[in-house]
Amino acid sequence: MIPAPTVLRADHLSPEQVEQVLTLMQAAGDTDGALPLSEHVVLHLRHGGEAPAVHLLALGDDRQVVGYAHVDTTDAVEGASAELVVHPLHRRRGLGRALVTAAMAVADERCAGRLRLWAHGDHPSASALAIRLGFDRARVLLQLRRSLFAPLEEVALPAGVSLRAFRPGEDDEKWLAVNNAAFAWHPEQGKWTLDDLHARIREPWFEAAGFLLAEDEDGRLLGFHWTKVHGEAHTHPHDGEEPHAHEPIGEVYVLGVSPDAHGGGLGRALTLAGLWHLRNRGLAQVMLYVDESNTRAVGLYQRLGFVRWANDVSFQRSL
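At position 147 of the sequence shown (counting the first as 1) the number is 148 in the working numbering, and the numbers step up by one without a gap.
Hints should not be assumed to be uniformly reliable.
Label pairs and their computed distance ranges (CB to CB) [claimed, not checked]:
#1 S163 - R64: 53 to 59 Å
#2 D62 - S126: 22 to 28 Å
#3 I132 - A311: 16 to 22 Å
#4 A160 - H124: 45 to 51 Å
Since the hints were made in silico from the structure, they are not lab data.
Where is the CB? At the ideal position from N, CA and C, for every residue including glycine.
Please build the complete structure, drawing on both the sequences and the hints.
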């Protein structure tokens, strides 16, 4: 009989443990075709932060990290949120179940049992494990993609609206206010702080020229399209990281329109402006993430040539 895996619990990780988790994440991503941890978790691992999180570690015989779960307990309404990864060479040994069970124990202690469990890539084995442990499928985040070689419409901005690049240190608070208003309904994007923005500005992939702001004639911010590029050499400065196994790809990272500017075609114009920026960078393909329930946005992107590529799924624990 295989002994039950041991899961260690920590409020903080050492730099060595962080590197082991990031290496583990990359190995799983290369195998599965989807990174198992979301961007905000990776940023928390690399830079730390004030938000309390519980780290769950499964160690191999050589004391290296072969399984990891990140449990965020900051949402007093929705409850805890967990993401986990198991090394491809250590699967089918009960590590996934042990990590989820440990995450459930954290939720019992800190969030009255409320727990959401993310499965990036929507792999059948992850879904089966979640259902066996009493979780229900609750939310689907779509990844859509589009070729940048395909025909692309010209940008038609509404009258009196102009575009310019984001200016770090000058536009921070103004942008944050519009972002949080535009995404007031969104469980993650609508709760950003200046620290969240600054953590991303410090990332090597950040490029102000690809962060487009739409203003009216009085300088009032109406909307924005923040683009991102994955897979370029400058996005991998961290020791121990391997290059991406794919060509660089652009991303519609965050696109938002102020509630005061809805209905005028600005969202479509901003989308196209960002796509033209990425095409002019010489990229061949672009991706984005959008909630399946946001049918208005999904419809816009589909009309602009995007198609479904993959799913991320959030499972809600049944109580």
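Cross-check of the supplied hints:
1. S163 - R64: 53 to 59 Å: 57 Å, holds
2. D62 - S126: 22 to 28 Å: Holds, at about 23 Å.
3. I132 - A311: 16 to 22 Å: 20 Å, holds
4. A160 - H124: 45 to 51 Å: 48 Å, holds
In summary, this structure violates none of the numbered hints.
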